[in-house]
Every structure is written in C-alpha cells, then in structure tokens.
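Following the hints, complete the assembly by docking chain A onto the known chain D.
If you read the sequences in order, they're chains D and A. With the first letter of the first sequence counted as 1, position 325 gets the number 325 in this note's numbering; the numbers rise by one all the way through. With the first letter of the second sequence counted as 1, position 171 gets the number 171 in this note's numbering; the numbers rise by one all the way through.
Please keep in mind that the hints were generated in silico from the structure rather than gathered at the bench. Glycine included, every Cβ here is placed at the ideal spot set by N, Cα and C. Hints should not be assumed to be uniformly reliable.
Unchecked claim - Calculated from the model, a selection of chain D residues having no Cβ within reach of chain A, i.e. all distances over 10 Å: (1) Y28; (2) G117; (3) G160; (4) A198; (5) L296; (6) K317.
To be verified - The calculated lysine-lysine pairs, modelled on BS3-like cross-linking and capped at a C-alpha distance of 27 Å, are: (7) K160(A) to K237(A); (8) K332(A) to K321(A); (9) K321(A) to K237(A); (10) K11(A) to K321(A); (11) K322(D) to K297(A); (12) K11(A) to K115(D); (13) K320(D) to K7(D); (14) K205(D) to K115(D); (15) K205(D) to K7(D); (16) K297(A) to K140(D); (17) K186(A) to K11(A); (18) K318(D) to K7(D); (19) K317(D) to K7(D); (20) K211(A) to K317(D); (21) K211(A) to K186(A); (22) K208(D) to K115(D); (23) K118(A) to K318(D); (24) K158(D) to K280(D); (25) K160(A) to K186(A); (26) K317(D) to K118(A); (27) K212(A) to K118(A); (28) K297(A) to K115(D); (29) K321(A) to K115(D); (30) K320(D) to K118(A).
Said to hold, decoys possible - Label pairs and their calculated CB-CB ranges: (31) A293(A) to S243(D): 16 to 26 Å; (32) G203(D) to K118(A): 52 to 62 Å; (33) K317(D) to T314(A): 35 to 45 Å; (34) K208(D) to V16(A): 39 to 49 Å; (35) A306(D) to N209(A): 53 to 63 Å; (36) K160(A) to L33(D): 18 to 28 Å; (37) L104(D) to P91(A): 54 to 64 Å; (38) R315(D) to R320(A): 28 to 38 Å.
What follows is each chain in one-letter form.
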Amino acid sequence: MNRLIRKVTTNRNFYLFLFVVLIVVIFYSIEPLYLSSDNIRNILYSVSITGVLMVGMATLLLSGNMDLSAGAVGCFATILGCMMLNAGVPWVIALILTIGIGVLCGLWNAFMTYKLGIMPFIGTLGISYVWSGIGAIITKQASVTLTNESFFMFGTIKFGIVPIAFLYVVLLCIIYGVIMNYTRFGRRVYMCGGNRVAARLAGIKCEKIGTIMMCNCSGLAALAGMLMASRMHLIHYQNLQDSSTMGALTAALLGGVAFEGGNGGMLGAFLGLMLLNCFKNGIDIIGANEYVQVLLNGVLLMAAMAVDFFNNLSRQKKLKEKKSPDSVSNRATC
Amino acid sequence: MKKKSAFFSSKYFSLVLIIVILMAIFTIWSKGQMITPLNIRNILNNLVLLSFIGCGACYLMLYGEMDISAGALGSFAGCVCAYLAMNNGVPSGIATIIALIVGSLCGLVNALFINVLKFPPFIATMGMSYVLQGAGYLIATGTGINIRKLAFLNFIGDTKFFDGLVPVSVIISILFLVIYGIILSKTEFGRTIYLCGGNRRAARLCGLNPKKLSYILYINSGFLASVSGIIYVSRVKTALPTALGSYQFTGITAAVLGGVAFGGGSGNMVGCALGMLILAIFNTGVSTVGFNANYTKVFNGVLLIIGLALDAITARRNARKVVAQSLATAEKDRELVV
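Just chain D, with the same shape it has in the complex (with noise of 0.2 Å):
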C-alpha cells in the first residue's frame, strides 16, 4: 500500500490531474454556470477537435519532428472533402479520401524535410500559406454548406451529455498509447525522438519514422477538419488555422511531452488537453474580453514551453542522481 502511494505521489500525471480538478473547482465557485450540462459538453467538444490535432502532433514531437502546418492541412482537406460530399459521395468514402489527402500532405512536409533539407517548423509553415491560400481560392473565401445530411451524425451523435466526437478522442488516445507504449514501432518512435544518432546506430531508419508520423499528423488533422465541419455543418477557409495547431502544440506540451522529442506519453498529453480546454473554457465563462482569448493563447504556449523546460531540468538531475552512485562504486572497486 505504501508503495502504491509513493508510486502515485511520484507520478507527474497525478499533479496533471490534481491541477485540472484545481481548475474546474476555481472556476466552479467563481461562476457555478461552469458546471452546467451545456457547458460541459461545450468542453468536451471544444477538447475534441482540438484532442484530433493533438494526437497526431504529440507523436510527432515524440519522434522528434515537429509540423506547423497541421490546422492548415486539415481544413485545405476538409474543404476538398466537403466539395466531395456535396457531390453526392458517400460520406464513409469521401470521409477516408480526404484522409488521403491530408496524408499526401504529410508527404510532402516528409520530402521537403528529408530530401530538400529543409528544416521542418520554417517548411511546413511556408507550405501552410500554401494551403490555406488554395483553400480561400477555391472557396472564394465563401464558407462550404454541407448539404449531404447522412454525413451530420458522424460528429453530432451525443450520448447523454458526451458527445461521440469526445469518444473518438479517447479511442484514439488508448490506441495510440497502446502503439507507443507497447509495440515495437513505438519504442522506435521514441528512440528516433530520444537520441537520433544512436538510433540510427541501434539500425532504426529515423527517416522512415518520420515519414510515417507526419503523414500520420497530416492524416488526423484531416480527420479533425471533417469533425468539425459534420458538427458545423459548414467549413469556412479560416477554421482550423494557426490557433488550432498551437493549441494543439501547447495541450501536448503542457501534458508532458518533450519538445526535443522522446519523453512523454499519451495519458499526459490527454490530461495537457483537458487542462487547456477546461482553462479556455473558464476564462470565457467567466466574462472576459473576446481579445484576451488571443493573448491567452501565448501566455499558454509560453507557460507549455517553461513547464517543458522545468521538466528537463528535473530530468537531467535525476539522471545525474542515478549516474553518481555507480560512478561511486565504480571507483570503489578501482
């Protein structure tokens, strides 16, 4: 039982957790509409769309890359997707080809990095102007009215108070820890992220990895457009943009991932997107000014930013507490 405890006091999810119920009590006794059955599905949609993004980035910072052009991905795809839907395709298909789109993207953000050279924040934010700027071509900066109504319930179902895009986002959080954390390609994942030199040594094709994961960032922001679009019923080319990647960037980095790569999980990352979510959510409910939303948004990315910081700090000193007793005993036995 002692254990237990010392096992669960010394685990930083546990804080995580501890932080985000902190939270909802401040904001709680401040406004008690904070707790409201409306409020808290806004939450837990407003963690969705967010939650989709953020997947895909977290792993991606694990293998130690880093995509800056996933909202924009994500609604250039969408937008194609929902001209698709319009057409008369049916949504299950139209829903995997835009998928493909968002992973072709990915693959381009992979050759720009790899065969050009090109160093992957500075590359894949030129490429979001790309996108984005296609996007309000081919719209002519109109938003797109989903007409094909089958596809609504595909983010609009709700069980109770939670809507199913909610369940998606834990689904794919389970299933994606369960990759990193017990499978072969995970433990390549992190390796890649840790140290790429050594990993290319232990014979693990660093190149490849990325590839995968930026597709598979490009991919879920896809995903993460169509959801937003089935439960808007429309997409408009400023959806999705900057904002939503850094927030997605923060959520992850708040929840423990390392932005060097290599370090973090999935648990953390989804406790990092429930506290930024149910942050945001507060300070609106709480009446603040509408621009405050926007200063907030890099207070928060700093604060991710020096919580990451921290965490390095208390890793490289824990990895010196655990290097000194050998090196100890190591020159006893000299």
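Chain A only, in chain D's frame:
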C-alpha cells in the same frame, strides 16, 4: 575587365537578372501598368515596410536564429503609438519614441525567454507574437485607432520628394539599409555576428560573447519592427493589431532569396536588399496583374520554400566541398609522411 567578369559570375548578377526578368514579365502581362509612376511608388512603399523587418531578420539569420514575432511586434508598436497620441494626448513625436522603446523592450523579452529559459527561438517568438497581437487588440480593439492631424506622423507618411515620386519613408529606409550594410561588412561588430553565426562554440572560445550579441540582435529586431509599424501607421492612418500580419516571413524569404544562409554565418546586406526588391516587385506585380491577396499568400509560401530548398542544397554542396578538401589535404599529408 576583370571586375566586370567577377560581377557577371557573382550571385548578385543572377539576382539582378531575376529582377529585370520579373519587371519585364509583369510589364508585358499588365500591358504597361507595371511601370506607371504610381505603381513604382507602390513598389517602393512595399519595399519600405519590408526593408526594416528584413534588416532585422537578416541580422538574426546571420546569427543563426530568427524572430517570428516581428510582424505582430511592429503592429503592436504602431498601436501603442496611436493609442498614446490619440487617446492620451501625448505629442506624436514623443509617442513615436515611446513606441520605439516599447518595441525594443519586447525584443528584450524575446531575448530573455531564449537565453534565460532556453526556449527554442522559434517557439518563444511565436508565442510572443500571439501575446503582442492580443495586447494590440486590447488597446486598439478590432476596429483599430484612426489617426489624423498628428504632425510628426503625417510628416513621415505624406511628405514626398521629386514631384511626389519618392516618399520620405523611402529615404529613411535606404538610409537604414546603407547604415546596416556598412555595420555588417565594415565593423568589428559585424564580423562578430558572422563568427557567432558560423560557429558559436568557436566564437565563445575566441573570447566573444554570443549571449550578449543575441540580446543586442533581438532588441534590434524589435526596434526595426517598431519603426516599420510606425511608418505603416503614418501612411495608412489607422493602427491595427494585424497590420503587418506575416511580414516577418516576407523578411525571412527576402533574406533567404538574397543568399543569407538559414543556419547563419554567411550572406550579406546587398544580397538581402536585392531579395527584398525581388519580393516587393513580385508582390506588387501579382496584384497589378489582377490576382487577389490569396494568390499572393500562396506565391509567397512557394517562394519561401524554393528559397529554403536552394539554401539547403547550397549548404549541402558546401559541406561536400569541405569534406573533399579535407580529404585531399589528408591525402597530401600522408604522401608527405610517406
């Protein structure tokens, strides 16, 4: 004669050639609209906003880092200036100086995040750009602050020389470009930037202080961005928190196209200025021909990627050359030993 051939084989020649070709294409395409005096003034105006942010970007890229917050920072400084002058009755000259100081302080904050908390420069400045945009909205709201009747700002924005062809802001920007170019190529400080950008560790071991330099460069970038923000406000007469939007990328694109290496340590101001001219002509030309802003966005993204790809290819070729050279010298040494 020798000098001439050196010019033809240098990369400036190709940049000038690109400029001439672009001018020719757009002139023919727009049926002569491109070279009317009004349009040339448009190009110059485009160039002015670009030149300040581009200068800052060029310096930082030579050092091996970049400032994504420049656009938002400039817009914020413009908002601060307009807010002080219009809503609080501060004389516009003093408001301008205060805005420049605020912009420089924002640059200092960037530098603190990067050097003290060790954030990756990219993410730190990106977060900062959201913060500044939000702060800009808080003081200027969504509709912006309208400025009229501000003596100093009107002087910067409206005065024109040579039959109204050359605005005073163009002269300021050329002055800045020349001064920054001279600092970079002729002074000890300029060489320090190259050294620290090329090999930071070696620079530190030589007794230079890259950290101090990084503070200076980020503050400088903030300062230049605020200058461009204030010039924008003085010309358009409205301070908006999104005024300069993604100008930082245009600046980075200009620097990369002009041959400034993305990883730092090589490139110069002449190339960078030519890169700016290319972009200014390109963007003005695209809108003259009749494409809307979305096309400009797409083309700029493509240009950035092309520039980065060319830069990466050059870097790889240089690396291969260095390896080949060191192999050759090693071979020679071995022969000597034998």
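Verification of the hints:
1. The beta carbon of Y28(D) is kept farther than 10 Å from every beta carbon of chain A, the shortest such distance being approximately 26 Å.
2. The claim that G117(D) lies off the interface is violated: its Cβ sits roughly 4 Å from the closest Cβ of chain A, which falls inside the 10 Å cut-off.
3. Every beta carbon of chain A lies more than 10 Å from that of G160(D), the smallest distance being close to 35 Å; the non-interface claim holds.
4. With a minimum CB-CB distance of about 22 Å to chain A, A198(D) clears the 10 Å threshold, and the non-interface call stands.
5. Look at L296(D): its CB is around 7 Å from the nearest CB on chain A, not clear of 10 Å, so calling it non-interface is violated.
6. No beta-carbon of chain A is positioned within 10 Å of the beta-carbon of K317(D); the least distance is around 15 Å.
7. For the hint linking K160(A) to K237(A), the alpha-carbon distance of about 16 Å falls within 27 Å, and the restraint holds.
8. Taking the CA atoms of K332(A) and K321(A), the gap is about 16 Å. The hint holds against a cut of 27 Å.
9. Annotation: proposed proximity of K321(A) to K237(A) is violated, straight-line Cα distance about 52 Å (limit 27 Å).
10. A threshold of 27 Å between alpha carbons decides the hint, and for K11(A) with K321(A) the separation of about 18 Å falls inside it, so the pair holds.
11. At roughly 52 Å between alpha-carbon atoms, K322(D) and K297(A) are farther apart than 27 Å, so this suggested pair is violated.
12. The straight-line distance between the Cα atoms of K11(A) and K115(D) is roughly 24 Å, inside the 27 Å bound, and the hint therefore holds.
13. Annotation: proposed proximity of K320(D) to K7(D) holds, straight-line Cα distance about 21 Å (limit 27 Å).
14. Distance check on the hinted pair: K205(D) and K115(D) sit about 14 Å apart at the alpha-carbon level, within 27 Å; holds.
15. This hinted pair does not check out: K205(D) and K7(D) have alpha carbons roughly 35 Å apart, beyond 27 Å.
16. Between K297(A) and K140(D), the direct Cα distance comes to roughly 14 Å. Compliance with the 27 Å bound is thereby established for this hinted pair.
17. Among the hinted pairs, K186(A) with K11(A) is consistent with the structure: their alpha-carbon atoms are about 20 Å apart, no more than 27 Å.
18. Pair hint K318(D) plus K7(D) holds up; C-alpha atoms about 16 Å apart against a cutoff of 27 Å.
19. Taken as a hint, the K317(D) and K7(D) pair is honoured in the structure, with Cα atoms around 19 Å apart against an allowance of 27 Å.
20. The suggested pairing of K211(A) with K317(D) holds, with an alpha-carbon distance near 24 Å, which does not exceed 27 Å.
21. This hinted pair checks out: K211(A) and K186(A) have alpha carbons roughly 22 Å apart, not beyond 27 Å.
22. At most 27 Å may separate the alpha-carbon atoms for a hinted pair to count; K208(D) and K115(D) meet this at roughly 12 Å.
23. For the hint pairing K118(A) with K318(D), the CA-to-CA distance comes to about 19 Å; that is within 27 Å, so the pair holds.
24. Restraint check for K158(D) and K280(D): the C-alpha separation of about 23 Å stays at or below 27 Å, so the hint holds.
25. Proximity of K160(A) to K186(A) is assessed by CA-CA distance (about 32 Å); at most 27 Å being required, the pair is judged violated.
26. With a CA separation close to 17 Å, the supplied pair K317(D) and K118(A) stays within the 27 Å bound.
27. For the given pair, K212(A) sits about 14 Å from K118(A) by alpha-carbon distance, which is consistent with the 27 Å threshold.
28. The straight-line distance between the Cα atoms of K297(A) and K115(D) is roughly 24 Å, inside the 27 Å bound, and the hint therefore holds.
29. The straight-line distance between the Cα atoms of K321(A) and K115(D) is roughly 19 Å, inside the 27 Å bound, and the hint therefore holds.
30. In summary, the hint linking K320(D) to K118(A) is supported, as the alpha carbons are separated by about 20 Å, within the 27 Å threshold.
31. For the pair A293(A) and S243(D), the beta carbons lie near 20 Å from each other, so the given range of 16 to 26 Å is met.
32. In this structure the hint that G203(D) and K118(A) lie 52 to 62 Å apart at CB is violated, the actual value being about 32 Å.
33. Between K317(D) and T314(A) the beta carbon distance is about 42 Å. The supplied range of 35 to 45 Å therefore holds.
34. Hint check: K208(D) to V16(A), Cβ distance near 43 Å, so the stated range 39 to 49 Å holds.
35. Take A306(D) and N209(A): their Cβ atoms lie about 25 Å apart, and the range 53 to 63 Å is violated.
36. Roughly 57 Å separates the CB atoms of K160(A) and L33(D), a value that falls outside the hinted 18 to 28 Å.
37. Between L104(D) and P91(A) the C-beta distance comes to about 57 Å, which sits within the given range of 54 to 64 Å.
38. For the pair R315(D) and R320(A), the supplied restraint of 28 to 38 Å holds, since their beta-carbon distance comes to about 37 Å.
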